[in-house]
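S.K.: These protein sequence lines are chains A and B, in that order.
Residue numbers 1 to 292, in our numbering, belong to the letters of the first sequence in order.
Residue numbers 1 to 328, in our numbering, belong to the letters of the second sequence in order.
Note that these hints are calculated values from the structure, not bench results.
As the structure is a computational prediction, the values presented were derived from the model and not from experiment.
Here a beta-carbon is modelled for each residue, glycine too, at the ideal position from N, C-alpha and C.
Accuracy of the hints is not assured; some may be wrong.
Said to hold, decoys possible - Derived CB-CB ranges, DEER-like:
id: 1; chain 1: A; residue 1: Gly99; chain 2: B; residue 2: Arg132; range: 36 to 44 Å
id: 2; chain 1: A; residue 1: Gly60; chain 2: B; residue 2: Ile15; range: 56 to 64 Å
id: 3; chain 1: A; residue 1: Ser246; chain 2: B; residue 2: Phe179; range: 31 to 39 Å
Unchecked claim - One-sided and incomplete, this derived list gives chain A residues near chain B with beta-carbon spacing under 8 Å:
id: 4; residue: Leu32
id: 5; residue: Ile33
id: 6; residue: Leu128
id: 7; residue: Pro129
id: 8; residue: Gly225
id: 9; residue: Tyr248
id: 10; residue: Val266
id: 11; residue: Leu268
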Amino acid sequence: MVPHLQDVIARLRDVISKFSLEGKIGLCGIALIVMVAVFAPFLSAYPPGKITGGSLESPGADHPLGTDELGMDIWSQICYGARMSLFIGLAVACIAGLGGGALGILAGYLGGAADQLVMRTVDVIMALPAFPLLIVISAFMGPNIFNVIFVLVLFSWAKPARIARSQTLTIKNNAYITAARNYGATPFYLLRRHILPEVFPILFVLIIGITSYAIMAETGLAFLGLGDPTAKSWGMMLHYATSFRSIYFTPYWQWWLLPPLAALIVLLLCLAFVGRDLEQVLDPRIRQNRGV
Amino acid sequence: MNERDRRAIIFRFVITLLVIVAINFLLPRMMPGDPFSTMASDIQGEDVIVMTEAQREYYFHYYGLDLPLHEQFFSYLANLARGDLGRSIHYRMPVNEVILLHLPWTLLIVLSATAISTVAGVILGVVSARNRSKGSDRLMMTGLIAFAEIPSFLLGIILLLIFCVHLQIFPLAGAVTPFAHYTGVLDQVRDIAYHAFLPVLTLSFAQLTGVYLLTRNTLITVSTKDYIRTAHAKGLGDRIVWTRHALRNALLPVVTRTGFVIGMLMGGAVLVESVFNYPGIGLLLRNAVVARDYPLIQGILLVVAISVLLCNLMADRIYLKLDPRVAG
Numbered sequence: 001m002v003p004h005l006q007d008v009i010a011r012l013r014d015v016i017s018k019f020s021l022e023g024k025i026g027l028c029g030i031a032l033i034v035m036v037a038v039f040a041p042f043l044s045a046y047p048p049g050k051i052t053g054g055s056l057e058s059p060g061a062d063h064p065l066g067t068d069e070l071g072m073d074i075w076s077q078i079c080y081g082a083r084m085s086l087f088i089g090l091a092v093a094c095i096a097g098l099g100g101g102a103l104g105i106l107a108g109y110l111g112g113a114a115d116q117l118v119m120r121t122v123d124v125i126m127a128l129p130a131f132p133l134l135i136v137i138s139a140f141m142g143p144n145i146f147n148v149i150f151v152l153v154l155f156s157w158a159k160p161a162r163i164a165r166s167q168t169l170t171i172k173n174n175a176y177i178t179a180a181r182n183y184g185a186t187p188f189y190l191l192r193r194h195i196l197p198e199v200f201p202i203l204f205v206l207i208i209g210i211t212s213y214a215i216m217a218e219t220g221l222a223f224l225g226l227g228d229p230t231a232k233s234w235g236m237m238l239h240y241a242t243s244f245r246s247i248y249f250t251p252y253w254q255w256w257l258l259p260p261l262a263a264l265i266v267l268l269l270c271l272a273f274v275g276r277d278l279e280q281v282l283d284p285r286i287r288q289n290r291g292v
Numbered sequence: 001m002n003e004r005d006r007r008a009i010i011f012r013f014v015i016t017l018l019v020i021v022a023i024n025f026l027l028p029r030m031m032p033g034d035p036f037s038t039m040a041s042d043i044q045g046e047d048v049i050v051m052t053e054a055q056r057e058y059y060f061h062y063y064g065l066d067l068p069l070h071e072q073f074f075s076y077l078a079n080l081a082r083g084d085l086g087r088s089i090h091y092r093m094p095v096n097e098v099i100l101l102h103l104p105w106t107l108l109i110v111l112s113a114t115a116i117s118t119v120a121g122v123i124l125g126v127v128s129a130r131n132r133s134k135g136s137d138r139l140m141m142t143g144l145i146a147f148a149e150i151p152s153f154l155l156g157i158i159l160l161l162i163f164c165v166h167l168q169i170f171p172l173a174g175a176v177t178p179f180a181h182y183t184g185v186l187d188q189v190r191d192i193a194y195h196a197f198l199p200v201l202t203l204s205f206a207q208l209t210g211v212y213l214l215t216r217n218t219l220i221t222v223s224t225k226d227y228i229r230t231a232h233a234k235g236l237g238d239r240i241v242w243t244r245h246a247l248r249n250a251l252l253p254v255v256t257r258t259g260f261v262i263g264m265l266m267g268g269a270v271l272v273e274s275v276f277n278y279p280g281i282g283l284l285l286r287n288a289v290v291a292r293d294y295p296l297i298q299g300i301l302l303v304v305a306i307s308v309l310l311c312n313l314m315a316d317r318i319y320l321k322l323d324p325r326v327a328g
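Here chain A stands alone, though its shape is the one from the complex:
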């Protein structure tokens, strides 16, 4: 029952053709940033953590975006920073989206005590003030990329779990599920054939939302000095630039602070455009299932 690659491509093309102009721009933007991240070693002349020039050189032939206070090339940092920001965003989104989704489906399918346990935990997590807690937990856990991912996952699995659960509940009560079960369908079969295909598109939209939330939150944490110093994301670049004491009294901000700032804003806007369009394309399905 593995779907054919051609089918997947056709379906994707179908979805993309329904995108608005902004959505298409967003898709191109994300593709561009992903390319930069993937081909970072080919796009930049220097490794990002190596001192290759004088301190705070202005943009020139050697360093297209100049250098930072330690003499490291800014353009390389942007290229490799794209890797870090995207990696953290996607890792958090996939773990939280798929893990939370799986928990939600289980809770919805099993019902009873398991359902109660998961849903009450979800309630509490949704009521917690996320960002202050993120700061404090990361402060105690120490700056490390896996800690950052762990903490972000902790606070973002609740929404996919809740939505996957309500979807599963709606699907479970349909007559065709009862019919299938009467014909001897195992729970695993029901899950694979009926529940997953319905829940997955919705989870996918959520994953995009969580990606941009995670990138935003990681940037915030890094900006406060809670990022991993060995994994220089765009947020860490902002942190180093703004921590430089006279950044605002010198022209350095133009090539040290602006590039990561612009890159982050472009990435977040693109993600938002794509997320919104995807949601709209999948909307009839969502609305239909939310009816109960």
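Based on these hints, arrange chain B on the given structure of chain A.
M.R.: Same frame as chain A, but now just chain B:
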């Protein structure tokens, strides 16, 4: 129904509060290995405080780590009940005194931003709803929604670069001019407003779109209702119908939302204050993190979390009170 709702809301509040207290209690004790070895690990380029053996001893004693866990928890709760949040290591003062010194600034910008974003959001929402589906409505929708996707502290950096660095018309840091002599109260107020302007603007933008969308969408829903048609049919002027009949109903969710807005802004203020070096508890938290001042970090978390929870609780209660359909 009403009574049950109220009890459910309070129950959730208490549980969440307990979770926060428990996290606060367990964090320094649950870390893998020795929590205090991470304190020595630094972040590059900051004022690093490396733990000496004496400091380690101090922390161990401070958290009472030699006692059994339940005894630790009860003494922690007892201290909390007395309002004792411990001593700040960096400031060498009781934590609640440090927090009280900074809290007014945060309250000032958060409450101003709440007021501004609510009023501006409602006005924009009304304009948008009245021009529904016309060019101006669509332009506002797209613009404001895209705008809302930019996290507030990034927006803050942009505003800072434009107004403080490039144009140099607003101050880069602080809440008052240092060593200023004021000629009068008015002068002092002006100085405070001048310093608070950009942080407030940034925070207002963060919540503007939410209020705007809520107002616009409720107004549009309300405007299709029968009683609006009745009001028109009675021969009432357009203005009266919109203000007295439509807006009054549409404002209900907006008022309710205000509590949540305050809560969200309290969280967002941490980053925005850091951007503008505005001396509220957000900046205090950043400094506490940099100095690894753990008692202070925990104290601030508790204060922020409790205020956010109280705001949400208030919002829930107000909703039940205001809407006769729910209040029953």
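S.K.: Can you verify the interface hint for Pro129(A): is its Cβ closer than 8 Å to any Cβ in chain B?
M.R.: Holds: closest Cβ of chain B sits about 4 Å from Pro129(A), inside 8 Å.
S.K.: Against chain B, is Leu32(A) within 8 Å by beta-carbon distance?
M.R.: This hint is violated: Leu32(A) lies away from chain B, its Cβ roughly 18 Å from the closest one there, beyond 8 Å.
S.K.: Would you check whether Val266(A) satisfies its interface hint, that is, whether its CB is within less than 8 Å of any CB in chain B?
M.R.: 10 Å, violated
S.K.: Cβ-Cβ distance between Ser246(A) and Phe179(B): within 31 to 39 Å?
M.R.: 21 Å, violated
S.K.: Are Gly60(A) and Ile15(B) spaced within 56 to 64 Å by their CB atoms?
M.R.: Because 59 Å falls inside the window, the suggested range holds.
S.K.: Does Tyr248(A) pass the interface check with chain B, least Cβ-Cβ distance below 8 Å?
M.R.: Check passed: Cβ of Tyr248(A) comes within 5 Å of chain B, closer than 8 Å.
S.K.: With respect to the beta-carbon atoms only, verify the hint that Gly99(A) and Arg132(B) lie 36 to 44 Å apart.
M.R.: 42 Å, holds
S.K.: Hint Gly225(A) vs chain B: min CB-CB distance below 8 Å?
M.R.: At about 5 Å, which falls below the 8 Å cut-off, the nearest Cβ of chain B leaves the hint on Gly225(A) intact, so it holds.
S.K.: With 8 Å as the cut and Cβ atoms as the points, is Leu128(A) at the interface with chain B?
M.R.: Interface hint status for Leu128(A): holds (6 Å vs cutoff 8 Å).
S.K.: Is the shortest C-beta separation between Leu268(A) and chain B less than 8 Å?
M.R.: For Leu268(A), the interface hint holds, since the closest Cβ of chain B sits about 6 Å away, which is under 8 Å.
S.K.: At a threshold of 8 Å, is the proposed contact between Ile33(A) and chain B supported by beta-carbon distances?
M.R.: 15 Å, violated
Of the numbered hints stated above, those contradicted by the structure are hints 3, 4, 5, 10, listed in ascending order.
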